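Chemist: Chain residues, written in single-letter form:
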Amino acid sequence: MPTTLENWNPGKAENRHPEVAYEVKERLFLETKNDPRYHEFLYGCYECGICVSACPTARFYDYSPKVIAQAMAREDVERIYDIISEDIWNCAQCFSCVRCPRQNNPGGLVTILREVAVKSGLQETKDVLQGYSRVIYKVMLKGNQVSPDMLQPDLFADWGPWVQNFSANMPIWKKAIPVDSIRGVTDAAWKVDRKTLLELYTIWFETGSMEIIKEVDEGLYDLLSDIMQEELEEG
Amino acid sequence: MTELTTVEEILERKSHSVRRDPKLAHTHDMHESLLELEAKGEIILQRVPEPFVEVTTKYGRLKKIPVEHTWHHKSCGQCGHIPGYTSSIFWLHRQLGLDYVDPTDQTSCTGWNYYASATSNMAAQASVMSRNFATAYETGYFPLIHCGTSFGHYKEVREQLVQDKELRDEVRRVMDKLGKPLVIPEEIVHYSEWVHIMRGKFAERQVVDLSGITATVHPACHYYKVVAEDAIYDPDIYGGQRMATVTTMLKALGINVADYSTWFDCCGFGFRHILVERDFTRSFAVQRKIEVMKNEVNPDLVVTHDTGCVTTLDKSQFSGKAHGRNVGIPVLSDAQVAALAMGAHPFRVVQFHWHSTDWRPFLEKLGIDWQKYWDEFQVDLDAIRAGTKSGVTWADADQPVVYGNK
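So the protein lines, in turn, are chains A and B.
Residue numbering for the first sequence follows this note's numbering, beginning at 212 and increasing consecutively.
Residue numbering for the second sequence follows this note's numbering, beginning at 50 and increasing consecutively.
Keep in mind that the hints were calculated from the coordinates and are not lab data.
Just so it is clear, the structure is predicted and the values come from calculations on it, not from any experiment.
Heads up, the beta-carbon is just placed ideally off N, CA and C, and yes, glycines get one too.
There could be a bad hint or two in this list.
Said to hold, decoys possible - Label pairs and their calculated CB-CB ranges: (1) Ala307/B to Ala368/A: 51 to 59 Å; (2) Pro230/B to Gln440/A: 21 to 29 Å; (3) Gln440/A to Glu413/B: 27 to 35 Å; (4) Gly146/B to Gln375/A: 37 to 45 Å.
As the list claims (entries may be wrong) - Calculated cross-link-like contacts (lysine-lysine; reagent style DSS-like; alpha-carbon spacing at most 25 Å): (5) Lys386/A to Lys421/B; (6) Lys406/A to Lys226/B; (7) Lys107/B to Lys300/B; (8) Lys229/B to Lys406/A; (9) Lys300/B to Lys244/A; (10) Lys425/A to Lys226/B; (11) Lys214/B to Lys89/B; (12) Lys425/A to Lys330/A; (13) Lys402/A to Lys438/B; (14) Lys337/A to Lys425/A; (15) Lys438/B to Lys386/A; (16) Lys244/A to Lys63/B.
Between the sequences and the hints, there should be enough to build the whole structure, so can you do that?
Modeler: Encoded structure:
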């Protein structure tokens with residue numbers, strides 16, 4: 212058996228997820244390491260903590276971009292499994308951590324880990340993304356990430372009484388915007404031509420994006436797939 | 050598949066100095082590579098149309114910013130939740146008589162979803178970008194990106210396309226299916242860079258005296274932290290140590306720009322957090338941004354240049370107020386400030402009513418009778434409700450208001 216970072220370094224994380232086979236954890240890490248961006252995002256770690264001091268998430272969660280960079284550099288498969296099953300979803304993706312003097316990009320590593328987590332259909336990932344389905348539905352079907360009709364008073368109560376006033380007046384307010392492409396549109400951000408939407412659906416099918424959705428939410432996949440296929444056949 | 054690194058490999062790597070290819074360094078200018086790809090016939094490189102202005106980026110490269118003939122790559126968050134942001138950008142173009150396209154064959158970049166949920170991959174993101182760029186190219190107009198995240202995201206995707214032939218081939222296959230060419234613009238340009246180069250023109254047409262206003266600037270993370278070498282810097286702005294856009298424009302309009310200690314912090318938007326984990330967003334926005342600004346410089350206004358930042362910093366203040374925190378600063382984009390300065394109607398163009406933090410004291414400080422303009426706007430809304438008017442159009446909104454305070 213060759214000496215690897217796994218069987219050599221005594222400072223590795225203990226096995227916190229014995230229910231998951233080591234081979235599964237190793238495969239998730241190797242998929243991450245195999246991503247073409249990985250070697251541009253990780254050069255090593257000085258342990259200076261500049262990334263942590265810049266990180267907004269580190270102020271409010273038990274989260275550290277430095278731990279992510281170190282775990283990846285040490286190929287600490289057990290700790291990386293801890294990170295991929297939970298920590299990655301705390302990252303705010305602001306990329307303040309790229310202040311790193313070693314030119315690491317911990318936020319970039321998180322994006323790769325998230326892609327691997329989604330592709331692998333990790334249960335923890337499915338749980339995290341459960342409340343997010345309506346956004347995925349919107350962006351994939353309408354070609355826009357958000358729309359004014361998403362600002363419902365019950366979902367945005369913490370924005371105060373403004374939301375109720377907004378919700379009551381939004382359809383009229385939206386007609387009172389001089390920009391031609393957005394005037395009167397309430398279920399999308401702007402008018403998107405049908406031909407453009409069909410091109411977008413083609414992109415989702417051709418690039419494997421639909422398979423990704425299937426992995427995290429089969430019900431959403433069925434819904435999106437049916438609508439898009441029908442539109443493409445008609446189009 | 051890559052394997053785990055062995056100790057022998059580490060010892061070998063440490064036994065000699067490592068020489069990195071400067072062409073792969075973070076600060077490498079990839080424009081030469083774009084020209085090479087164009088020469089090989091792999092891509093169409095769309096040139097910045099004339100007239101353009103050259104400005105200095107972080108490490109000294111000159112970046113061309115088009116003045117007009119632009120294809121406006123709109124922002125879903127702006128059009129959906131802060132439409133006065135979008136209408137102000139267009140209004141400024143119209144005031145200066147500049148040629149532009151407001152397309153309906155554009156999609157979102159999908160970057161917000163990617164940074165929030167990762168339910169995408171490199172090929173999908175590059176294809177979405179390439180479809181938008183090919184569409185702009187077909188019209189003969191040059192893309193102007195309204196959203197800071199789209200701007201940062203597209204710069205990342207451009208680098209991936211330049212460095213990864215497999216990805217280029219895959220995206221070309223998808224573009225072939227759509228009947229479109231693989232186009233990369235010579236520059237990826239954020240609208241705030243256009244605002245930066247046009248600031249002198251705005252100042253020439255300024256009708257509102259802003260010299261009594263103090264503003265703080267929130268620099269948008271995805272503008273200057275993602276592919277940092279492509280953001281605009283100026284030695285006259287914080288010694289060239291911070292991005293120049295926004296601050297230069299505010300200074301050109303006579304606004305006092307005040308510094309504060311947490312300028313580097315993000316706004317707390319967080320992509321997925323603003324939608325499904327907002328306790329983080331509002332806590333960060335209040336405690337690390339708004340309250341710090343308020344305690345340190347007590348500004349009249351926060352000005353920023355990205356979608357999520359305006360929404361987060363504005364909408365998060367209600368919960369801070371409910372908890373008795375020191376908050377209460379209106380938040381606008383640089384384009385909205387410039388438009389207001391030039392006499393844009395506060396509601397038909399700037400659309401203050403889509404902002405939740407009280408903006409009335411700010412307008413009153415400028416001597417603008419907001420009630421008068423709100424009443425005018427109510428006449429528009431009543432006519433729309435009655436069906437005698439289909440909506441507010443440029444015919445209603447183009448004419449600048451004469452506020453009479455300058």
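Chemist: For every hint, state whether the structure bears it out.
Modeler: Hints, one by one, checked against the model:
1. For the hinted restraint 51 to 59 Å between Ala307/B and Ala368/A, the CB-CB distance of approximately 33 Å leaves it violated.
2. Evaluation of the 21 to 29 Å hint for Pro230/B and Gln440/A yields a pass: the beta carbon distance comes to about 27 Å.
3. Roughly 56 Å separates the CB atoms of Gln440/A and Glu413/B, a value that falls outside the hinted 27 to 35 Å.
4. Here the CB-CB span from Gly146/B to Gln375/A is close to 41 Å, well matched to the stated 37 to 45 Å.
5. Taking the CA atoms of Lys386/A and Lys421/B, the gap is about 21 Å. The hint holds against a cut of 25 Å.
6. Straight-line distance between C-alpha atoms of Lys406/A and Lys226/B comes to about 13 Å, which keeps the hinted pair within the 25 Å bound.
7. Annotation: proposed proximity of Lys107/B to Lys300/B holds, straight-line Cα distance about 20 Å (limit 25 Å).
8. Note on Lys229/B and Lys406/A: the hinted pairing holds, with a Cα-Cα distance of about 13 Å set against a maximum of 25 Å.
9. Note on Lys300/B and Lys244/A: the hinted pairing is violated, with a Cα-Cα distance of about 47 Å set against a maximum of 25 Å.
10. Of the supplied pair hints, the one linking Lys425/A and Lys226/B holds, its CA atoms being roughly 23 Å apart against a limit of 25 Å.
11. As the CA atoms of Lys214/B and Lys89/B are separated by approximately 12 Å, the hinted pair is consistent with the 25 Å bound.
12. Restraint check: the Cα-Cα separation between Lys425/A and Lys330/A comes to about 9 Å, which is no more than 25 Å; the hinted pair holds.
13. In summary, the hint linking Lys402/A to Lys438/B is supported, as the alpha carbons are separated by about 20 Å, within the 25 Å threshold.
14. For the proposed pair Lys337/A and Lys425/A, the alpha carbon gap of about 11 Å is at most 25 Å, so the pair holds.
15. About 10 Å separates the Cα atoms of Lys438/B and Lys386/A, which keeps this hinted pair within 25 Å; it holds.
16. The hinted pair formed by Lys244/A and Lys63/B meets the criterion: a straight-line CA distance of about 20 Å does not exceed 25 Å.
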